[in-house]
Amino acid sequence: MTPPALTTSLVEQLLAIEEIKRLFAQRLRVMDTKQWDHYGELHTADVVSEAYVGRQVIGREALTRAIRTTLDGPTTVTSVHHGHTPEIVLDSDTTAHGTWAMEDKLWWRNGDQDELLHGFGHYHEQYRKVDGAWLISHRRLTRLRVDTTPGFYDYRSAST
Amino acid sequence: MTPPALTTSLVEQLLAIEEIKRLFAQRLRVMDTKQWDHYGELHTADVVSEAYVGRQVIGREALTRAIRTTLDGPTTVTSVHHGHTPEIVLDSDTTAHGTWAMEDKLWWRNGDQDELLHGFGHYHEQYRKVDGAWLISHRRLTRLRVDTTPGFYDYRSAST
Amino acid sequence: MTPPALTTSLVEQLLAIEEIKRLFAQRLRVMDTKQWDHYGELHTADVVSEAYVGRQVIGREALTRAIRTTLDGPTTVTSVHHGHTPEIVLDSDTTAHGTWAMEDKLWWRNGDQDELLHGFGHYHEQYRKVDGAWLISHRRLTRLRVDTTPGFYDYRSAST
Chain A
10 MTPPALTTSL VEQLLAIEEI KRLFAQRLRV MDTKQWDHYG ELHTADVVSE AYVGRQVIGR
70 EALTRAIRTT LDGPTTVTSV HHGHTPEIVL DSDTTAHGTW AMEDKLWWRN GDQDELLHGF
130 GHYHEQYRKV DGAWLISHRR LTRLRVDTTP GFYDYRSAST
Chain B
10 MTPPALTTSL VEQLLAIEEI KRLFAQRLRV MDTKQWDHYG ELHTADVVSE AYVGRQVIGR
70 EALTRAIRTT LDGPTTVTSV HHGHTPEIVL DSDTTAHGTW AMEDKLWWRN GDQDELLHGF
130 GHYHEQYRKV DGAWLISHRR LTRLRVDTTP GFYDYRSAST
Chain C
10 MTPPALTTSL VEQLLAIEEI KRLFAQRLRV MDTKQWDHYG ELHTADVVSE AYVGRQVIGR
70 EALTRAIRTT LDGPTTVTSV HHGHTPEIVL DSDTTAHGTW AMEDKLWWRN GDQDELLHGF
130 GHYHEQYRKV DGAWLISHRR LTRLRVDTTP GFYDYRSAST
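Chains as they are written, first to last, in the numbering used here: chain A, 10 to 169; chain B, 10 to 169; chain C, 10 to 169.
Each hint should be verified, as a subset may be incorrect.
[Claimed, not checked] Mimicking DSS-like on lysine-lysine, the simulated pairs with C-alpha atoms at most 30 Å apart in a straight line are:
1) Lys114(A) <-> Lys43(B)
2) Lys43(B) <-> Lys114(C)
3) Lys43(C) <-> Lys138(C)
4) Lys43(C) <-> Lys114(C)
5) Lys114(C) <-> Lys114(B)
6) Lys43(A) <-> Lys114(A)
7) Lys114(B) <-> Lys43(C)
8) Lys114(B) <-> Lys43(A)
9) Lys114(A) <-> Lys43(C)
[Stated by the list, open to error] With beta-carbon atoms standing in for the labels, derived distance ranges:
10) Thr151(B) <-> Pro159(A): 27 to 37 Å
11) Asp100(A) <-> Val98(B): 20 to 30 Å
12) Leu15(C) <-> Val139(B): 20 to 30 Å
13) Thr103(B) <-> Gly82(C): 48 to 58 Å
14) Thr103(B) <-> Gln44(A): 23 to 33 Å
15) Arg74(B) <-> Val98(A): 42 to 52 Å
16) Gly141(B) <-> Arg149(C): 26 to 36 Å
17) Asp102(B) <-> Ala71(C): 47 to 57 Å
18) Arg118(B) <-> Arg149(A): 35 to 45 Å
[What the hints assert, rightly or not] In silico negatives: residues of chain C with every beta carbon more than 10 Å from chain B:
19) Arg31
20) Thr42
21) Trp45
22) His47
23) Ala54
24) Gly68
25) Val86
26) Trp116
27) Leu125
28) Lys138
29) Gly160
By construction, these hints were calculated from the structure, which means they are not laboratory data.
Note that beta-carbon positions come from the ideal geometry of N, C-alpha and C, so glycine has one too.
Generate the whole structure from the sequences, applying the supplied hints.
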């Protein structure tokens, strides 16, 4: 648990792991409760997200815009993102990486029926401590399975 | 992480957080395995729960009675409550608060079919250390979404 | 938290708990991503699993074989296993036990339709520290509920 790059004490390392877990928790909660003013600040200014199919999203503002457009644009999408069983590894006093099992559900109302995406996979994240606070600097999502109703993606083409 | 009100060491604070996580885990496990004799003791004597729609439940005994009536009255309800990604904050040496993402499923057998409630949200809890043990002193549940089969609530009106 | 059998410091105990949580996380991730070469090594050589209905599986190799046959034999089964709210208790410097809430989903393709098992319950595990690394030495699974499509188990009889 203590690679040469770490100079902090064991208790400080355990605190760092707890802070990173709490950061991850905040990100999901802020997203699912649509508090967009607090989403960007959980990430580094140069954050890279590979959680969107087929493209990278770079930077706090672009990332907030991307998720806000997805969940809270012309169509309101109710989302539930759950993260499980973190494996957090400290790489230095100010950098870390971690893997989380995840499940997400997204619903929107299409006329008189619900459209649904239901997915499973793992978040692979990197973290950096900036001015005393841990932030997410990189996110990649790998999928085990995703199920959607046939019309789920219709709102996205309609809204852009 | 160390507000002025805290006099304990960092390692004692991390232990407190771990103990609160374990307390929360016990509450869900004891509820889903219907060990009602152990449910009340996880809460302070003056616990307040706002996890029931439209009313407060106050005190260990009333809270145990409320959940027991809901899950293990004339109709047996199978329940699964899962809690995720805790954000625990210590407010003093003996008080803390925390937020958990949650999902619950409740099933009961209505003739030859299953009735189901499937919900998602967040638990917002407060904790107090009493005689050396952390206990839950307040619980509020906010919902992101709840789905039920049309007849789900029938057993409640029938059983009271 | 400190039974007489423990001689380690509080911070070392918190590290042990974190390492056991990470071990548990690895087991589920390695299983769901089908990395069978890394599955056995997370368990003690004499591991006993009571997670299979009606039988014990003993030893790393037999356990890896059992889960590999279940998920990655002639029929490929997509699996998602999630574990929640650990209650880890250290029994000595080198032994521990813990309970986790769990949910699992298993899918396989039967002609033009999906077969599905969806289960809920608790893992009851024991851990042992061997050569400096925590390993799983015993696993028992208790169930709250399991739902399956009518043909779910067909692939097992077909493949043996």
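Consistency of the hints with the structure:
1. Straight-line distance between C-alpha atoms of Lys114(A) and Lys43(B) comes to about 29 Å, which keeps the hinted pair within the 30 Å bound.
2. Annotation: proposed proximity of Lys43(B) to Lys114(C) holds, straight-line Cα distance about 24 Å (limit 30 Å).
3. Between Lys43(C) and Lys138(C) the alpha-carbon distance is near 25 Å, which keeps this suggested pair within the 30 Å criterion.
4. Simply put, Lys43(C) and Lys114(C) have alpha-carbon atoms about 15 Å apart, close enough for the 30 Å limit, and the pair holds.
5. Proposed proximity of Lys114(C) and Lys114(B) is supported: the alpha carbons are some 15 Å apart, at most 30 Å.
6. A distance of roughly 15 Å separates the Cα atoms of Lys43(A) and Lys114(A); the hinted pair therefore holds under the 30 Å criterion.
7. This hinted pair checks out: Lys114(B) and Lys43(C) have alpha carbons roughly 29 Å apart, not beyond 30 Å.
8. Under the criterion of a C-alpha separation no larger than 30 Å, the hint pairing Lys114(B) with Lys43(A) is consistent with the structure, at around 24 Å.
9. Annotation: proposed proximity of Lys114(A) to Lys43(C) holds, straight-line Cα distance about 24 Å (limit 30 Å).
10. Take Thr151(B) and Pro159(A): their Cβ atoms lie about 32 Å apart, and the range 27 to 37 Å holds.
11. Evaluation of the 20 to 30 Å hint for Asp100(A) and Val98(B) yields a pass: the beta carbon distance comes to about 26 Å.
12. Taking 20 to 30 Å as the suggested C-beta distance range, the pair Leu15(C) and Val139(B) conforms, at roughly 24 Å.
13. Roughly 54 Å separates the CB atoms of Thr103(B) and Gly82(C), a value that falls within the hinted 48 to 58 Å.
14. One distance hint, 23 to 33 Å for the beta-carbon pair Thr103(B) and Gln44(A), holds here, with the actual separation near 30 Å.
15. As the Cβ distance of Arg74(B) to Val98(A) is approximately 46 Å, the hint placing it in 42 to 52 Å holds.
16. A C-beta distance of roughly 31 Å is found between Gly141(B) and Arg149(C), which places it inside the suggested range of 26 to 36 Å.
17. Checked against the given bound of 47 to 57 Å, the beta carbons of Asp102(B) and Ala71(C), roughly 49 Å apart, stay inside it.
18. A beta carbon spacing of about 43 Å between Arg118(B) and Arg149(A) agrees with the range 35 to 45 Å that was offered as a hint.
19. Every CB of chain B lies more than 10 Å from the CB of Arg31(C), the least distance being 14 Å, so the non-interface label holds.
20. Distance check for Thr42(C) against chain B: the nearest CB is about 21 Å away, which clears 10 Å, and the non-interface claim stands.
21. No beta-carbon of chain B is positioned within 10 Å of the beta-carbon of Trp45(C); the least distance is around 28 Å.
22. No beta-carbon of chain B comes within 10 Å of the beta-carbon of His47(C); the shortest separation is about 25 Å.
23. At the 10 Å boundary, the C-beta of Ala54(C) stays outside the reach of chain B, the nearest C-beta of that chain being 30 Å off.
24. Consistency note on Gly68(C): stated as away from chain B, and its beta-carbon is indeed over 10 Å from all of that chain's, at 29 Å minimum.
25. The beta carbon of Val86(C) sits about 22 Å from the closest Cβ of chain B, which is more than 10 Å, so the claim that it is off the interface holds.
26. Every Cβ of chain B is farther than 10 Å from the Cβ of Trp116(C); the closest lies at roughly 19 Å, confirming the non-interface assignment.
27. Consistency note on Leu125(C): stated as away from chain B, and its beta-carbon is indeed over 10 Å from all of that chain's, at 15 Å minimum.
28. The non-interface label for Lys138(C) is consistent with chain B: the shortest C-beta to C-beta separation is roughly 18 Å, beyond 10 Å.
29. With a least beta-carbon separation of about 19 Å from chain B, Gly160(C) lies farther than 10 Å from that chain, consistent with its non-interface assignment.
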